[in-house]
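Using the sequences and the hints given, assemble the complete structure.
Here the protein sequences come in this chain order: A and B.
Basically my numbering = 1-based index in the first sequence + 60.
Basically my numbering = 1-based index in the second sequence + 2.
Derived from the structure by calculation, the hints contain no laboratory data.
Hints may contain errors.
[What the hints assert, rightly or not] Computed beta-carbon distance windows for the label pairs:
id, chain 1, residue 1, chain 2, residue 2, range
1, B, F64, A, T176, 45 to 51 Å
2, A, F133, B, I89, 39 to 45 Å
3, A, H136, B, V36, 31 to 37 Å
4, A, G189, B, Y70, 45 to 51 Å
5, A, A465, B, L278, 31 to 37 Å
6, A, A138, B, H206, 52 to 58 Å
7, B, G142, A, N410, 50 to 56 Å
[What the hints assert, rightly or not] Example chain A residues on the side facing chain B (calculated, C-beta under 10 Å, incomplete):
id, residue
8, L147
9, A165
10, G315
The C-beta atom is built at its ideal place from N, Cα and C for all residues, glycine as well.
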Amino acid sequence: MQSNKAGVSRRTFIKYGAGTAALAATGLGTPALAQGRKIKIFANQPEAGVRAGLKDIVKGFTAASGTKVELSFTDHEAYKTAIRNFLVTDAPDVCFWFSGNRMKAFVKHGLFTDLTAFVDKEGYRDVLGGVISAVTYQGKVWGLPLNGTLWGNFYLSNVFKEKGLTPPTTWDETFAFNDKVKGMGLVPMTIGTKELWPAAGMFDQFSLRTIGLEKHMALMDGKIKYTDPVLKPIFDHWEELIKAGFFLKDATSYGWQDAAALLGQHKAAMMNLGAFVNSALPAADKDYLTYAPFPKIADIPRYEDFSTDSIHVPSKAKNPDGGKEFLAYFYEPKNLMKFIGPAGAVPPRNDIPKGNNPLINQAMDSLRSVKGTAQYYDRDTDPAMAQAGLKGFQEFMAFPDRREAILKRLEVTRQRVFGNI
Amino acid sequence: MTDFWRRNRSWLWPVIFILPAAVLFGVVIVWSSVQTLWISLHSWDGMGPMKWVGLGNYVELFQDPQFYVSLTNNVIWLVLFMLAPPIGLGIALLVNQKIAGMRFAKSLFFTPLVLASVAVGVVFTWVYTPQFGLLSLVYGAFGAAAPAVLSDPNAVTFAVVGAALWPQIAFCMILYLAGLNSLSEDLIGAGRVDGARGWRMLVHVILPQLKEVTFIAIAITAIGALRSFDLVSVMTQGGPFGSSSVLAYDMYRESIFSYRFGYGAAIAAVLFIIMLFFIVWYISRLIKAEREA
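See below:
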């Protein structure tokens with residue numbers, strides 16, 4: 061009985077275009093495909109467009125496989141605390157989360173299913189390329205990467221054209237830009253550090269442009285002291301720009317959206333964040349938002365922060381095979397884009413054709429010349445370290461002269477979290 | 003059975019009525035508090051196994067500069083919040099006058115109490131926002147630049163308390179208005195016969211009758227100041243760099259964002275002991291008042 065029904069639904073499944081050959085050859089676990097099965101999905105997306113896309117995918121999946129799906133959304137912030145409860149007590153079969161260290165925290169507790177075999181079987185390694193490192197821990201794959209955010213400088217091309225500006229690409233140009241823009245009465249770079257993390261984004265930029273990816277990641281893993289002189293170029297350059305008045309004054313009073321408002325009011329030239337800055341701009345300016353990499357500082361290859369969200373199968377899922385089946389359907393390019401497209405994010409698969417969103421296309425083009433990627437400070441390092449770091453960087457941007465005291469404090473935290481070196 | 007019931011109902015009824023409240027209180031308050039104390043002796047990330055560290059969390063806490071910043075801020079909150087009862091009384095006396103339009107004024111003063119504290123926080127944050135906030139516009143009208151109060155480590159706590167005082171004053175006003183409505187007409191009449199008017203009437207006849215209300219207003223204001231969390235969270239997230247944080251917010255940040263539940267529980271325990279001081283005072287006063295009555 062089971063095999064009969066499974067046969068039917070598998071055919072349907074393939075007809076709807078799953079990972080075709082790979083899937084057919086391996087014959088996904090039959091019970092998972094049987095009719096009357098159910099899976100539960102917990103999601104945290106706030107944007108209406110993304111939610112609609114996901115609902116659409118779920119509908120298509122149910123039609124294709126006969127598996128009933130119970131999909132529930134939780135508020136983005138509340139989800140961060142709820143997940144620690146539901147992974148342990150009442151786990152769904154599929155859940156959304158963030159790759160990197162935040163994923164690692166749950167992997168260490170054995171709360172996510174190892175998806176290595178599944179990923180190999182579906183042949184995802186070829187279409188993901190380097191992005192797969194975001195969901196890899198100790199040589200195993202624990203999830204699938206989703207929306208990518210490429211962090212960098214953003215400006216409005218209409219404003220730049222009108223004022224005859226070009227985004228700076230080198231350290232010297234940055235200072236020339238600073239003087240020119242300030243002469244026009246604009247804030248060279250708007251930044252809101254009230255939510256703390258945007259300050260860490262600046263830290264990443266300076267770190268990746270001066271000490272490079274390898275040392276940066278060693279610092280994230282607690283293998284370099286915060287008081288180590290190797291970090292000096294980061295803070296030297298950063299301090300130089302702070303003291304030159306490059307950044308928005310009283311940044312701690314602004315949330316990132318308030319800071320982005322200055323960009324929208326044409327009172328600021330640039331903002332260093334992700335393409336989601338778009339959501340805080342007036343409709344008339346949205347189309348002009350343009351990406352530019354953070355200026356080059358040291359003579360090293362280009363590294364960038366490229367953070368990805370991710371999707372996982374909890375280890376306590378009641379129907380993990382159903383969960384994987386959904387992942388396979390969800391990850392088909394045309395389905396995936398229903399989810400990624402509305403978010404204005406970079407798709408993780410490199411076999412997705414170019415769309416008509418210039419920001420995404422820019423980021424995809426730009427990523428080709430990037431030598432290696434980090435996630436983002438608070439995703440790359442331990443959560444307790446990140447909390448202290450975010451606070452420290454916020455303080456450094458307001459009072460650069462307190463550098464030594466701040467770094468000493470961070471080193472105390474690093475020692476507590478990672479131990480002596 | 004009926005015999006048993008008849009013999010024991012004198013104590014069975016009270017037990018049945020008290021039981022739901024006792025169970026709820028036991029689980030939600032007592033048991034959670036005991037568990038918090040237990041967790042505070044461990045290193046725990048909220049998911050994995052708990053590791054016994056004894057008083058380690060407390061030792062670290064007392065060496066943490068952030069703890070003293072937050073504690074100081076708690077004291078600032080407590081002291082400034084004590085402005086709420088007298089100001090509330092003043093406004094209550096004012097709007098209690100029988101003057102045309104006072105009802106409207108009363109409802110205006112009442113408004114902040116209706117607002118969720120998160121809404122109050124958001125509105126005040128907008129007021130304080132440099133460049134386009136209301137405060138900045140007002141300063142701008144006089145040709146001056148408004149200080150960025152939420153960015154100034156020395157001013158930020160005062161700015162947040164200012165926002166929090168608004169609904170708290172309204173709350174005290176309501177308490178006093180209720181008290182003013184239940185004043186004894188006889189005593190006021192007697193006072194009037196004896197020639198007491200204005201200030202002397204207030205100090206010698208009215209205020210003594212508001213003693214109980216004042217006591218409740220002070221106790222609730224003190225506890226409200228100590229558990230202040232929502233406005234800090236909404237307005238500054240403890241920033242800039244922890245300057246406006248209070249113990250309750252530290253507890254939340256350490257537990258939820260740093261995954262350090264043991265350390266968070268230790269902060270909670272310290273806060274609990276400070277609050278206990280006010281709670282014991284409040285309850286002992288209540289018991290005393292009940293005995294006298």
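Could you tell me whether the CB distance from G189(A) to Y70(B) stays inside 45 to 51 Å? For G189(A) and Y70(B) the Cβ distance comes to about 50 Å; the hint holds.
Cβ distance range 39 to 45 Å for F133(A) and I89(B), holds or violated: 44 Å, holds
Interface hint check: L147(A), Cβ to nearest Cβ on chain B, cutoff 10 Å. Holds or violated? Holds, because the Cβ-Cβ distance from L147(A) to chain B comes to roughly 8 Å (cut-off 10 Å).
Holds or violated: the hint that G315(A) contacts chain B, with Cβ atoms closer than 10 Å. 8 Å, holds
Please test the hint of 31 to 37 Å on the beta carbon pair from A465(A) and L278(B). 35 Å, holds
Hint says 45 to 51 Å; check whether the CB-CB distance for F64(B) and T176(A) agrees. With Cβ atoms ~46 Å apart, the hint holds.
Assuming the hint says 50 to 56 Å, is it satisfied by the Cβ distance from G142(B) to N410(A) or not? With Cβ atoms ~51 Å apart, the hint holds.
Taking the Cβ atom of A138(A) and the Cβ atom of H206(B), is their distance within the range 52 to 58 Å? Since A138(A) and H206(B) have Cβ atoms about 54 Å apart, the given range 52 to 58 Å holds.
Hint says 31 to 37 Å; check whether the CB-CB distance for H136(A) and V36(B) agrees. 33 Å, holds
Under 10 Å is the threshold here; is the Cβ of A165(A) close enough to any Cβ of chain B for the hint to stand? 7 Å, holds
Against the hints set out earlier in the document, no violation occurs for any number.
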